[in-house]
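Protein sequences appear in the order of chains A and B.
Each residue of the first sequence is one higher than the one before, counting from 11 in the working numbering.
Each residue of the second sequence is one higher than the one before, counting from 52 in the working numbering.
Mixed in with the good hints there might be a few duds.
[What the hints assert, rightly or not] A few chain B positions that, by computed beta-carbon distances, are all more than 12 Å from chain A: (1) 149; (2) 248; (3) 500.
[To be verified] Coverage of chain A stretches by chain B, computed from C-beta distances (three or more under 8 Å per stretch; other residues unrestricted): (4) 32-44; (5) 63-77; (6) 82-96; (7) 155-163; (8) 183-193.
By construction, these hints were calculated from the structure, which means they are not laboratory data.
A quick note: this is a predicted structure, and the numbers were derived from the prediction, not measured.
The beta carbon of each residue, even a glycine, is placed where N, CA and C say it ideally should be.
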Amino acid sequence: MSTRERILADVLKNQPSASPLPDMSAFTGKNQNVVQTYSEVFTGIGGKAFRVKGFAEIKHLIAENFDTSQRIITSLPELSDVFERLSMDIDPHTFDDVEVAVIEAELAVAENGAVWLPEQRMGQRIVPYICQHLVVVIPAERIVPTLHEAYAKIGAGDYGFAAFIGGPSKTADIEQALVLGAHGPISMTVFVLEQDTILNTD
Amino acid sequence: MEKAEKDHAALAEEFIKDEERVDWHDGALWWIRQKRDMAAKNIPEWEALREAASQIKNNVLSNLHDYLLEFEANVTKNGIKVHWAADAEEHNAIVYSILKEKGIEQMVKSKSMLTEECHLNEYLIERGIDVINSDLGEYIQQLDNEPPSHIVLPCIHKRKEEIGEIFHEHLGTEKGVSDPTTLTRFARRHLRNVFVTRRAALTGVNFAVAETGEYVVCTNEGNADMGAHLSEVQISSMGIEKIIPQKKHLGIFLRLLARSATGQPITIYSSHFKKPRKGQEMHLILVDMGRSRQLGRPDFRDSLKCIRCGSCMNTCPVYRKSGGLSYHNTVAGPIGAILAPNLDMRKHADLPFASTLCGSCSNVCPVKINIHEQLYKWRQVIVQEGYAANTKVLGIKAMAWTLSSPTSYSTIGKAGRWVLNNIPFAVNNKFNPWYKQRDMPDSPKESFGEWYAKHGKDEVK
Chain A
11 MSTRERILAD
21 VLKNQPSASP
31 LPDMSAFTGK
41 NQNVVQTYSE
51 VFTGIGGKAF
61 RVKGFAEIKH
71 LIAENFDTSQ
81 RIITSLPELS
91 DVFERLSMDI
101 DPHTFDDVEV
111 AVIEAELAVA
121 ENGAVWLPEQ
131 RMGQRIVPYI
141 CQHLVVVIPA
151 ERIVPTLHEA
161 YAKIGAGDYG
171 FAAFIGGPSK
181 TADIEQALVL
191 GAHGPISMTV
201 FVLEQDTILN
211 TD
Chain B
52 MEKAEKDHAA
62 LAEEFIKDEE
72 RVDWHDGALW
82 WIRQKRDMAA
92 KNIPEWEALR
102 EAASQIKNNV
112 LSNLHDYLLE
122 FEANVTKNGI
132 KVHWAADAEE
142 HNAIVYSILK
152 EKGIEQMVKS
162 KSMLTEECHL
172 NEYLIERGID
182 VINSDLGEYI
192 QQLDNEPPSH
202 IVLPCIHKRK
212 EEIGEIFHEH
222 LGTEKGVSDP
232 TTLTRFARRH
242 LRNVFVTRRA
252 ALTGVNFAVA
262 ETGEYVVCTN
272 EGNADMGAHL
282 SEVQISSMGI
292 EKIIPQKKHL
302 GIFLRLLARS
312 ATGQPITIYS
322 SHFKKPRKGQ
332 EMHLILVDMG
342 RSRQLGRPDF
352 RDSLKCIRCG
362 SCMNTCPVYR
372 KSGGLSYHNT
382 VAGPIGAILA
392 PNLDMRKHAD
402 LPFASTLCGS
412 CSNVCPVKIN
422 IHEQLYKWRQ
432 VIVQEGYAAN
442 TKVLGIKAMA
452 WTLSSPTSYS
462 TIGKAGRWVL
472 NNIPFAVNNK
482 FNPWYKQRDM
492 PDSPKESFGE
502 WYAKHGKDEV
512 K
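Turn these sequences into a full structure, and let the hints steer you where they fit.
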């Protein structure tokens with residue numbers, strides 16, 4: 011008998027009689043004002059949120075808030091005239107010197123401040139982790155109240171990797187003192203895009 | 052089965068020698084408990100979420116066999132290689148063989164209590180493989196050659212000055228530097244170099260979705276991702292109880308986990324791993340390590356519902372005042388004390404007694420495990436199986452004899468009062484375990500029985 015067969019046999023022998031799954035239909039977000047809530051929660055967890063009208067404003071704010079003499083990469087065609095368009099094919103280690111990465115999220119969750127990033131939106135999996143500062147663009151209409159709505163929209167999802175990211179990397183391992191920038195980004199900025207035009211990265 | 056060198060009480064005695072440290076430790080953990088309360092109160096349906104999480108986990112345990120098969124099939128379809136391990140030895144051998152086949156001699160590892168349980172690091176180091184723990188708290192514990200004292204906050208028992216000294220000794224920081232930001236920045240630079248040079252990365256698993264074959268890893272530091280996405284070989288180890296049926300159930304568990312653990316609305320990173328990236332190889336190891344045995348113990352199987360948030364430790368008056376290392380087990384605190392006797396009853400016979408049975412652990416548990424009731428039940432099993440400490444057995448026997456007849460009860464009561472009133476030094480000494488850290492109580496002149504014999508009949512009309 012292989013280990014696999016033995017474990018499965020022991021589990022089958024020892025598991026209790028059937029217990030049903032709960033009804034989850036009552037779990038829905040009641041929050042209507044998701045943009046406002048999102049911005050407040052995200053600020054509360056150490057992020058910076060800006061409500062913007064278009065990419066011109068985003069470019070301006072990036073220039074104002076970051077050192078543009080350093081390497082800035084983006085997966086957004088709207089920004090590739092000013093920043094380096096990130097390559098899907100190069101060795102991920104070559105992103106080690108990236109100062110700022112600008113990517114677009116598929117969803118954001120008002121209740122916890124997190125954005126949902128399937129790997130197609132990241133460009134490469136390492137990008138939102140290895141950069142010193144992470145910048146994420148989220149169209150306002152893609153903010154949902156809670157994780158329940160988020161998972162309903164995500165469905166099975168066509169990705170090999172995806173993540174919720176809610177704020178700059180942090181640790182409080184030394185005497186519970188909060189330090190932003192453990193291993194991942196030292197800061198995270200979200201631009202909530204309130205406009206009618208549909209992004210062509212969909 | 053080996054016997055621990057020192058039991059919980061003896062190890063706690065070491066910890067409480069430094070009163071200032073104990074007060075700090077107690078206060079720091081209680082503050083985290085308070086942050087958990089504030090986060091929970093912000094969610095009106097919090098109790099409904101706990102109930103749903105508990106029911107989902109009950110369902111998982113009742114159908115684990117089929118969910119494991121479903122998960123295995125989907126993981127395999129996604130291009131990840133599945134391995135099964137019955138115990139630590141088998142798990143460690145699998146990790147070693149994967150690395151050896153690739154000729155890899157250095158690995159970076161993010162937080163995984165399971166691999167701590169398996170003593171994976173020691174196993175690999177003996178075979179010439181260098182392993183670095185990348186979670187900052189675990190990294191500090193590794194430098195100091197100590198296991199983690201808390202599953203979420205591995206070095207919560209250490210003061211910053213001690214950590215500064217460890218950094219000075221092992222990493223060459225300036226002596227006397229203890230500022231948390233300065234130390235964290237230094238570790239960041241040092242570990243960045245580790246991440247970019249390691250070809251293999253190992254992670255733990257928080258939730259494994261049977262329906263899709265993906266698994267979720269939660270961190271705040273981003274260390275699991277830094278290792279995984281730069282690696283050419285990614286290994287993930289999980290206990291078989293980490294399965295959840297459907298992806299939508301993540302909505303329940305991710306709402307509960309970080310709020311229960313630290314009071315955050317969600318961990319910074321909730322990474323969903325499904326397929327290897329181009330050019331990468333991924334392995335998943337399903338580990339039993341006593342889980343299937345625990346599943347067969349009706350009184351204790353609920354302990355397998357645990358999602359490792361650590362809230363039962365933060366709230367426990369015994370944990371807060373005795374420190375995680377005094378539990379001499381990878382998982383400390385109340386949950387550790389009900390998991391450990393399943394692994395080795397003799398070695399961990401002391402742990403279910405390291406509790407006041409106040410029930411606070413059960414009240415904060417996000418999956419509603421009846422922790423304090425299980426602690427009480429383990430005590431009974433341990434005494435019946437003959438693993439209880441001699442002093443406890445003698446005490447219980449003496450108490451049973453005393454309570455066995457009104458005559459013995461009244462005689463012993465009289466003798467006790469006489470001793471306390473006339474020769475208190477006979478019990479106020481180090482041979483009496485009760486006297487440690489406490490004074491014996493003042494004794495009344497007479498018992499209630501004696502008082503009632505004198506007054507009762509006159510005063511009751």
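Chain B covers the segment 32-44 of chain A, three or more CB atoms within 8 Å, holds or violated:
Three-residue rule met by the segment 32-44 of chain A, so holds; n is 4.
Okay, the segment 183-193 of chain A and chain B, do three or more residues pass the C-beta test at under 8 Å?
holds (count 9)
Minimum Cβ-Cβ distance from residue 248 of chain B to chain A exceeds 12 Å
Its Cβ does come within 12 Å of chain A, the nearest being 9 Å, so this is violated.
Outcome, coverage of the segment 63-77 of chain A by chain B - at least 3 residues whose beta-carbon is closer than 8 Å to one in that chain:
With 0 residues closer than 8 Å to chain B, the segment 63-77 of chain A misses the three-residue bar; violated.
Residue 149 of chain B and chain A, when compared Cβ to Cβ, separated by more than 12 Å
holds (16 Å)
Per the stated criterion, does the least C-beta distance between residue 500 of chain B and chain A lie above 12 Å, as a non-interface residue requires?
Correct as stated: the minimum Cβ-Cβ distance to chain A is 48 Å, above 12 Å.
Are there three or more residues in the segment 82-96 of chain A whose C-beta lies closer than 8 Å to some C-beta of chain B?
Result for this restraint: violated, n = 0.
Whether chain B covers the segment 155-163 of chain A (at least 3 residues having a Cβ closer than 8 Å to its Cβ atoms)
holds (count 6)
Against the hints set out earlier in the document, violations occur for numbers 2, 5, 6.
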